[in-house]
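These are the residues of each chain, in order.
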Amino acid sequence: MDMPQADMAILGRKAEIVLALKAILPEDAVISDPAETRVYECDGLSAYRCAPLAAVLPRTTEEVASVLRICHQAGVPVVPRGAGTSLAGGALPTADSVILGVARMNRVLEVDYDNRFVRVETGRTNLSVTGAVEADGFFYAPDPSSQLACVIAGNIAMNSGGAHCLKYGVTTNNLMGVKLVLMDGTIVEIGGAHMDAGGLDLLGVVCGSEGQLGVVTEATLRILPKPEGARPVLIGFDSNEVAGACVADIIKAGVLPVAIEFMDRPCIRACEDFAHAGYPDCEALLIVEVEGSKAEIDEQLGLIRQIAGRHDPVEFRESRSDEEARKIWLGRKSAFGAMGQINDYMCLDGTIPVSALPHVLGRIREMSRDYGLDVANVFHAGDGNMHPLILYDANKPGDLEICEKFGADILKLCVEVGGCLTGEHGVGIEKRDLMHVQYSDADLEAQMRVKDVFDPKWLLNPAKVFPLGASAGRRAG
Amino acid sequence: MRVSTENELAEAIRDARGPLRVRGGGTRDVGRPVAGEVLDVSMLSGIALYEPEALTLVARAGTPLAEVEAILAGERQRLAFEPGDWRGLLGTRGEATVGGMVAANVSGPRRVQAGACRDALLGVRFVDGTGAIVKNGGRVMKNVTGYDLVKLMAGSWGTLGVLTEVSMKVLPMPETEATLVLEGMTDAQALVAMTRALGSPYDVTGAAHAGGRTLIRIEGFAQSVAYRTGRLERLLAPFAEMQIEVDAEKSRRLWRTVRDVEVFRERAGDVWRVSVKPSDAPEIAVRLGGEAVMDWGGGLIWALVPEGTDARARACSFGGHATLFRGAEATRRILPAFQPEAGPVASISAAIRRKFDPRGILNRGLMAPVDQEVSA
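Respectively, the protein sequence lines represent chains A and B. The first sequence: position 85 = 85 (the working numbering), numbered continuously. Here the working numbering = 1-based position in the second sequence + 477.
Treat each hint with caution, since some may be false.
[Said to hold, decoys possible] Below 30 angstroms or equal to it, Euclidean Cα-Cα: the simulated DSS-like pairs (lysine-lysine) are:
| # | chain 1 | residue 1 | chain 2 | residue 2 |
| --- | --- | --- | --- | --- |
| 1 | B | 832 | A | 457 |
| 2 | A | 252 | B | 612 |
| 3 | A | 167 | B | 612 |
It should be emphasised that the hints constitute simulated quantities derived from the structure, not laboratory data.
For reference, chain B alone in the conformation it holds in the complex (with noise of 0.2 angstroms):
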């Protein structure tokens, strides 16, 4: 089925005889295989408002994120979330949306100085289970007028409404980007560099460690990268060989990888996303067993493990979380993707679930496990 305005979402999901698949662009096949009829509301397309003087872009949820970093990058500004592209680690086709970004939360290395996708939303249209049609939020960057449900559907994998519009706060896109590029150092070294760096006060903006090397970046003017540069180049010398790439082209392509995740890619094996505390990053990596990137300074682990691996038994009890984030749909079935939450949260995440789609018809069972959801 598909729909190419609002008012048809909401008649269509009013109308919904059984449980319905949202898709936008189908490129973050995340989560408990969902049952139930496609609903594609890629067509809902097109950006309604770009101001660049006040940092705002207002998009439908169906418009491709590839249209809006186009648009963004001819005014010289950008997502400052730095949302990744995951068809590579996947395996997936197609073209990513902004409501599927949303939806999903995606937010790729800068997260650890610009903060998340839920961090840059100020608004969004969205139509809930039983096809009301909602708006919260709105298009400037201060706004407590209400709760607050934009963050709620961040992040909500279209389990509680299907968004049709989202606005957003955008930055400048810098000057120019440099890398310091560390080699060798095992991931308990590598963790205590991101902390001195992150530490710092020279603004750093990514900071990873995979395949041994590890990466610190600094974006701002040409003067000013210039000497944050050089200013981490002497608080990290002791810590290992370092070479800097100043090439600001070059320093992009480097996190590009970081941010997709790329030497995962068409390897086999699961893999898992787990969110922590980032001090406790290396021992839990261990624990995990495999390989692991670690982005966030730490507090991302990217996890390739065997094929049905318990990513959360091998782990342990932590503070923070763990996704299943490709996986075959056998193993998908049998694990719950997203990590089950303790008491009281289950039931207030369920119990607002209920609220939203009273009919669990909205990507049903995707997020959390089929038994704490009423029937259709």
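Chain A extracted, bound-state conformation (with noise of 0.2 angstroms):
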């Protein structure tokens, strides 16, 4: 993965800029030491690193607003930083960039139950945005895997799913306002506790921009009402065939269930073996959870034995207590530690029509074979979400560039049956090279163009999302 060459004359300028940093934030804010700007390196996508120029963490929109002024000023490129938890090198700096964290600006500034929303600054945990509401019925619904740690500055760069979001939506549709610093240090309000836009939806753009337009300091969030009760089942079926069928009539007989997870039997094997979950010995498993009252978990859940039993499952589990439902996703929760366990692993996002899942999986074993590398499946199957597992070892040379490879080719197969490259985990450097596949010139231009407004000098986050080559002119000017 190529990044552009460090502007030498920003690292030759290195002692000034930090200077001018330190003059307009707290000591304890500035972090310009190598030995210390070694942690903001790399983010989740950890193969690839470099050390920023200087790290700043800022407590305030005034200061982010600050910091941003005076980068613009001085020509030098910002990388955003929420958790540092991004898949997809979203967070990965240049070695003139400053890293900009917010990870101190973490305050809830208002909870609205009346309007169903809670306004918080941006460094805040996924899961703590629940956290605050929980003890008063509600929650926020976007959940992806790494909640405990990523933050909705994050999620609001990446558009973050997660396993529910098949009922609630992503990010974007649970987002209903921001606090936005542009490169020059301007601070935009777009939207607010109102449920739409009054001109041009801008807030729709800005979610899922990946840092490049600005720096979300804080965001008002949808909150909804607990549901009264929700419950898993595990289904277990000889083929994925079959079980990607079953998914089909569950979503055709009308019942919405909030989550639909599906493993193939490298995936159950590694799961069971890391968290022994009791996971039934099949080709795949679905785990699928309703919500509701007591009895209207048990209709829903009865229109799906009823659906399942026409596909001839292995193992059609439900759980009649709390820690039945906690073993069934346990298997699926620990899904990436295991394989990580066995494996060093590339976790893949492409997103497939549903329809195509058999035809997909099919393809998938088949490269398998012709790299000579394994691989597991776990994924999102209500939406199409794939997140196949390609298995590597990374002392082995050349074996991570075969699974680059390869992983690559998955990809262009998700675009190839109508689907796309990423569904969740973003472009950042990752996919960045692979954009063409999914799109044409005029449509990456067409993006560009609202970075050019944003940002006209590009230097927010500039060597993400946008192939390098198709980028380059803009870059440079």
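Two independent chains are provided; combine them into the complex using the hints.
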């Protein structure tokens, strides 16, 4: 993965830039010692690393604005960072860039149950947003797997999803307003406690713009009353195709589960070895969760049992207690950890039309043979968002490169069948150079024009999202 | 001028010598009156793909909305955001198209639970003001590949580009529905009751107050609807006398009147659409004067005021925005139809329009006052 050459002139001005930052921020908010900036050399895509010029940890929107103004004047690129959990390299710095971390801005500013929103600083973790309102019976719906660690700033940048988005939508469907600081230091308020845009829907394009349009410091988030209860079932099948057909039938029948998770045999095995969740020994496994009162849950599960019955499941396991429910989710929730224990892996994130599921799983199996690398599949089946995990050996020279090539082929396949490169992780640097597979020059040009408006000098997180060749002219200017 | 393919459309825009008025079905005549040659895209019609098991439908922009709703109904599915039919309210004729629906981000009472039109949109194809054909998003439910121009196009009223195709998430129709009808509450009382219902775990899919009646809707499987109706009945009993409409067809009819703002049909006066923080609604309704309908649990006010009234001046400052939705042409020339925006947001929006339509030829001035625009 290429990154642009660091600007030597900026590297030469490091002392001066750090001094300017120290002049406007408290002593402890500017990090420039190479031993300390190393902390910021990578995010969740740890195969790629580069320490930044400096890192700043402002505590207020005004401080963020001051930092950006200084960097704008000095022509220094800025890479915004939330919790650094990006799997796509969204927070990967370049040597000539300043990391702007919002982690210290984590207060809840307003809780309004009558109007069903909270306003928070964006350094707050996803899970602790729900934590702030759950005692009163509310929750924040988007639930990325990393929700214990990841923060709202990154969720907005990547438009994060989660297991429960089949019913509740992803970040963009739950975001009502932002306070955004532009690269030139201008503070902009978009949206708020009302439910739609009065003019162009700028909020819609800010969400998912991967930190390239501005730094979001505050967010107004929709909260929902907690359902009375939720219960998962586990259904095992002896083929991926049949499991896929069962998912289609559940959806067609008008049941709208809050989550439908899919795991294939290699993944089931790894999870079983790791978490001992008691999963059946089968080819494919679905976890389907429904919500409501006890009677409503029974009604929906009855329907699901009926539908699944038509597909001869090898197992249909209902949970009779919270403990049993927890065990059903246990394996799924530890899937990534389980895979990590047995192997290095690369986690992909393409989305496909649900109807293409059996075909795509079959093709991945063939490619796995051709490349000589194993793949485990775990994904959100209701919405077609796949997470193939390609297993490789980081210590074996050349293995990472083979793995990346294999990954690229899977993503190309996703696009070929009518899907996309990334469903919830974002493009970052990881999928940047594959953007042409999905988008034409004109498509990319239209997107880059939006960045031209928000950040005319292309200083904010500049080497991400767009193929370097496509953005070269703009970044140089 | 009529076009029947995307390429013809691109050519027509490239070759345009002056401003164009984009027209789908012509049923949503909102905004500052636009000058220019009519560009009729209703022939760009047809459903390109419908996969019920994937909850996905792709249609060309000129496809009649009625055709989409009919094919969905055949599979017991629907557009969850409940797009309204504005012909009665606006006194327009013609056939609403999906492109027009997206361009106006038309979202009905179910907005409170299922999201707006923009939330159900998965992808778009459009031709921008330079004649370039652009696609964004796709046909899958989760897609964060590149910037989300899909949302930007929704509600841009044809000022950034002319839609040629839209792809949408659809949802199953519920087995049945019921509506609690509470009689005789003031706006303020109704707001409290609606807030109570929407803050409950009973998955309310509509909360509106019109003509002294407050409506709360529940949808789903029969047993579940019965259960939740009972719960809500108990919750709302202290507020007012109540009837429960359990006949699904009659319930649907009640909500159609809310969705299409039927109470203001053929009534003299201007109609404003005001988007607010729900708890502010009763007070703003008072300030607006005239008659008000509250939808979205108070988040949306439809107000009928005497012709020529500047509702924004009456409402004073509030978080949200007001659109002059139906007004005499004379009023629409004087008062900006869309809420003038604050400094940086206005300049960002104007700059985006210039980028997508550098000659300022697409529905020029419809959304923003003309002094923010470049000359053609």
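Verification of the hints:
Only pairs whose Cα atoms come within 30 angstroms are accepted, and residue 832 of chain B paired with residue 457 of chain A is accepted, the gap being roughly 16 angstroms. Restraint check for residue 252 of chain A and residue 612 of chain B: the C-alpha separation of about 28 angstroms stays at or below 30 angstroms, so the hint holds. Taking the CA atoms of residue 167 of chain A and residue 612 of chain B, the gap is near 26 angstroms; set against the 30 angstroms cutoff, the hint holds.
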